[in-house]
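There are 2 protein chains.
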Amino acid sequence: MYKKLMELIEEKKYQQVKRELMEMNEADVAEVLENIDDGATVIKIIRLLPKDLAAEVFSYLRVNTQRNIVETFTERELTKLIEESYFDDVIDLIEEMPASVATKIIKSVGKDKRALINQFLNYPEDSAGSIMTIEYIDLKEDMTVGKAIENIKQLDLDDENINICYVTDATRVLKGVVPLHKLILLDDNVKIGKIMEEETVAINTNETSENCANIFKKYDIVTAPIVDNENRLVGIITIDDIVDVIEQEATEDIQMLAGISPSDEGYLESNAASLAKNRVVWLLVLMVSATLSGMIIREYETLLQSVVVLVAFLPMLMGTGGNSGSQASTLVIRGLALEEIKIVDVLKVLWKEIQVGFLVGITLAVVNFGRIILFEDVETKVAIVVCATLFFTVMIAKMIGGVLPIAAKKLKLDPAIMAAPLISTMSDVLVLLIYLNMAKLLLGI
Amino acid sequence: MYKKLMELIEEKKYQQVKRELMEMNEADVAEVLENIDDGATVIKIIRLLPKDLAAEVFSYLRVNTQRNIVETFTERELTKLIEESYFDDVIDLIEEMPASVATKIIKSVGKDKRALINQFLNYPEDSAGSIMTIEYIDLKEDMTVGKAIENIKQLDLDDENINICYVTDATRVLKGVVPLHKLILLDDNVKIGKIMEEETVAINTNETSENCANIFKKYDIVTAPIVDNENRLVGIITIDDIVDVIEQEATEDIQMLAGISPSDEGYLESNAASLAKNRVVWLLVLMVSATLSGMIIREYETLLQSVVVLVAFLPMLMGTGGNSGSQASTLVIRGLALEEIKIVDVLKVLWKEIQVGFLVGITLAVVNFGRIILFEDVETKVAIVVCATLFFTVMIAKMIGGVLPIAAKKLKLDPAIMAAPLISTMSDVLVLLIYLNMAKLLLGI
Chain A
1 MYKKLMELIE EKKYQQVKRE LMEMNEADVA EVLENIDDGA TVIKIIRLLP
51 KDLAAEVFSY LRVNTQRNIV ETFTERELTK LIEESYFDDV IDLIEEMPAS
101 VATKIIKSVG KDKRALINQF LNYPEDSAGS IMTIEYIDLK EDMTVGKAIE
151 NIKQLDLDDE NINICYVTDA TRVLKGVVPL HKLILLDDNV KIGKIMEEET
201 VAINTNETSE NCANIFKKYD IVTAPIVDNE NRLVGIITID DIVDVIEQEA
251 TEDIQMLAGI SPSDEGYLES NAASLAKNRV VWLLVLMVSA TLSGMIIREY
301 ETLLQSVVVL VAFLPMLMGT GGNSGSQAST LVIRGLALEE IKIVDVLKVL
351 WKEIQVGFLV GITLAVVNFG RIILFEDVET KVAIVVCATL FFTVMIAKMI
401 GGVLPIAAKK LKLDPAIMAA PLISTMSDVL VLLIYLNMAK LLLGI
Chain B
1 MYKKLMELIE EKKYQQVKRE LMEMNEADVA EVLENIDDGA TVIKIIRLLP
51 KDLAAEVFSY LRVNTQRNIV ETFTERELTK LIEESYFDDV IDLIEEMPAS
101 VATKIIKSVG KDKRALINQF LNYPEDSAGS IMTIEYIDLK EDMTVGKAIE
151 NIKQLDLDDE NINICYVTDA TRVLKGVVPL HKLILLDDNV KIGKIMEEET
201 VAINTNETSE NCANIFKKYD IVTAPIVDNE NRLVGIITID DIVDVIEQEA
251 TEDIQMLAGI SPSDEGYLES NAASLAKNRV VWLLVLMVSA TLSGMIIREY
301 ETLLQSVVVL VAFLPMLMGT GGNSGSQAST LVIRGLALEE IKIVDVLKVL
351 WKEIQVGFLV GITLAVVNFG RIILFEDVET KVAIVVCATL FFTVMIAKMI
401 GGVLPIAAKK LKLDPAIMAA PLISTMSDVL VLLIYLNMAK LLLGI
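Here the protein sequences come in this chain order: A and B.
Residue 182 in the numbering used here is what sits at position 182 of the first sequence, and the numbering runs on without skipping anything.
Residue 88 in the numbering used here is what sits at position 88 of the second sequence, and the numbering runs on without skipping anything.
Among the hints, a few may not be true.
[Stated by the list, open to error] Only some residues are given here: those of chain B computed to face chain A with a beta carbon under 7 Å:
#1 Lys153
#2 Glu301
#3 Gly319
#4 Leu364
To be clear, the hints were calculated from the coordinates, so they are not data collected in a lab.
Each residue gets a CB set at the ideal place from its N, CA and C atoms; glycine is no exception.
From just these sequences and the hints, can you work out the full model?
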């Protein structure tokens, strides 16, 4: 698609490159730049672009590319870039850059904006305050529609934020909202106070971004006003920011489900040491927990020595038990995250898992019994022990997997702690206890 | 929170209940109704509400509650309810109801709408056509701004869809867009053709909803026009529909990561048989694959019989190998889904996993060696075999986990097929081969 463009860049025909890029969507321009391997060329092209386009393209670039640009730009260039950027993008940028680069950015902006930036950086990470934007339409109750429209004309706002106007009093306390299209439909001299609606969903700056997302989903809204503890309007959150939050939350859940400490750094952008750090903690915990299984096995050494074929079924039994349990826990953890399952539903979940465990357990046990009898050279007694273990393990693993995440939530822990790796480790212990005891009993050793 | 309200409902003071509910947000009313156990009471209350509020509340209810209402309502009531609903909500409803209930809904609407509904039901599931809405503003190039505003006044549109107007020609081909706020800012006799902008992002009705979400994220847009193969405008998609798609995609990915066939039915709403069906397939596949591990063990029966303590370390080794591999595959699968990782990045991923595997492998091996020497009563040689196996398994499992999802994508399979359960099963084989061969070599048996 961009082959011709890449050739022009290769040949350093920059004026032609500029003309081509100016016809493209800014997200596509960013994609082209990301495909250039040489950082110096990227900066050369960014410098060629008109300031407003450069700022828009900049906001779509990856963190590493942004960092490269900020470090290379002169203070003057940086000031221009920041001036043309949306305020919430600037905040995001500062938060993602290392301290020295962040300082360079903060230095490049005017005094007023610097104070505001500092105020924003003080909002807790992942709070409503930290993701809101300050670009919105602010009206007063005693304004007329005509005056309001005139005011809006003065502003230079992005259309995504402009479909709802907020009405505040002299102390900036939020009084109500007016959808923008109402302004068009009404007579110029109607007072804003007459047509404004009460805003039922206002979010406090300290609310977590996860809760913001839940509020947006529950009320099916696209914009929400953000207020401080005195109900004064300080910003708005639009649904496009919420999309990022939802995606980020899902990624963190997925990481936890695989026993990885959640991180919002991209995979390719993380260095090996930080990836290793995020993974090693759970592996250590689980490795040490797994020694419990080892202890159980050592208790039954004589049994295993005399019927060593029992060992051959261990991987299958432990694997199936772990998978069964983690299927249940994964579904319940996701259900809790989406608020489809609540703590009070614990008995419903348990009953469902008992039924599912029974159906799945029976199926697996029967299929496995057939397979062993047909294809494996073992005593029928051993096959019975294996398949009975399979059935009971699946049943119990499903129940544990269904209930433990809810128990974790009840104890105010993150339910995702009860993810596949931990459930599998527990299920291993379960398998061994059921398997070895049943073997001892039925085989009479 | 709703305690008083629930008491009023209990006491059948319905007029008072109605007054209270009419003051509340429709999402909150739906929540109250969902908490009433008796279906007949829910219907009684829905019937009390003004028709427009009833329709809005209805759209927030769970599928089972909606079904109950549709089944109980008379055809006349149903017609009213559907008339007051947004068209895309009606389509969703029809798609979620069983055939008999869906037929009842389709019968209750007028002829024109029925034709349109049938057209919508023909769009492939999870396509842009199936999630779009038909309520949008449609302008012509030769209209003046004044005429356009007059036209908009005639429409009765939801504000979420109203911030962008679409310009089409006589054959409904999309010519451009005009942000609503531009209409406010400009003189009444300016022609729409003069101020419209070219729309760079138009989506075909057959595009998958997953691709729609990616387009919304890439271009950071809140609304997109949907066109047919002749570029005629047939609807729009707004970002709130995209939020549902993103959430649904994440849920499906999470299900696949746990070896569950993806389903968009809620956990509590699914019956045990369908939950069991979604889970049993992968469990069977994995159970049968695990017999490969059993075969390897049987090859080494003599070895295990003479050094039965080797068995005691199997759960720990298999668990750690599986977890290491699935950490890597989970991160890569998620990276592929978010398009952060592309097929061409395969070597970068491999190199990263080699480094991470080395760091993590060394750490685990050292910790484990210390633990065995200090706390377990085994020969040093055995400890060396265990820890060397640990190191090599972690290294190789990380490499496999990193590369296989990308290989699956290259082969046009869903990368999520290479999820934790399958990677663990492979890793078991790996562990056994390394462990038993090394033991044979070092212990000289």
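The hints, checked one at a time:
The interface hint given for Lys153 (chain B) holds, since its Cβ lies 5 Å from the closest Cβ of chain A, which is under the 7 Å cut-off. This hint holds: Glu301 (chain B) has a C-beta 5 Å from the nearest C-beta of chain A, less than the 7 Å allowed. A hinted interface residue such as Gly319 (chain B) counts as satisfied when its beta carbon comes closer than 7 Å to some beta carbon of chain A; here the least separation is about 5 Å, so the hint holds. Taken as an interface hint, Leu364 (chain B) checks out: its beta carbon lies about 6 Å from the nearest beta carbon of chain A, inside 7 Å.
When the structure is compared with the earlier hints, no violation turns up for any of them.
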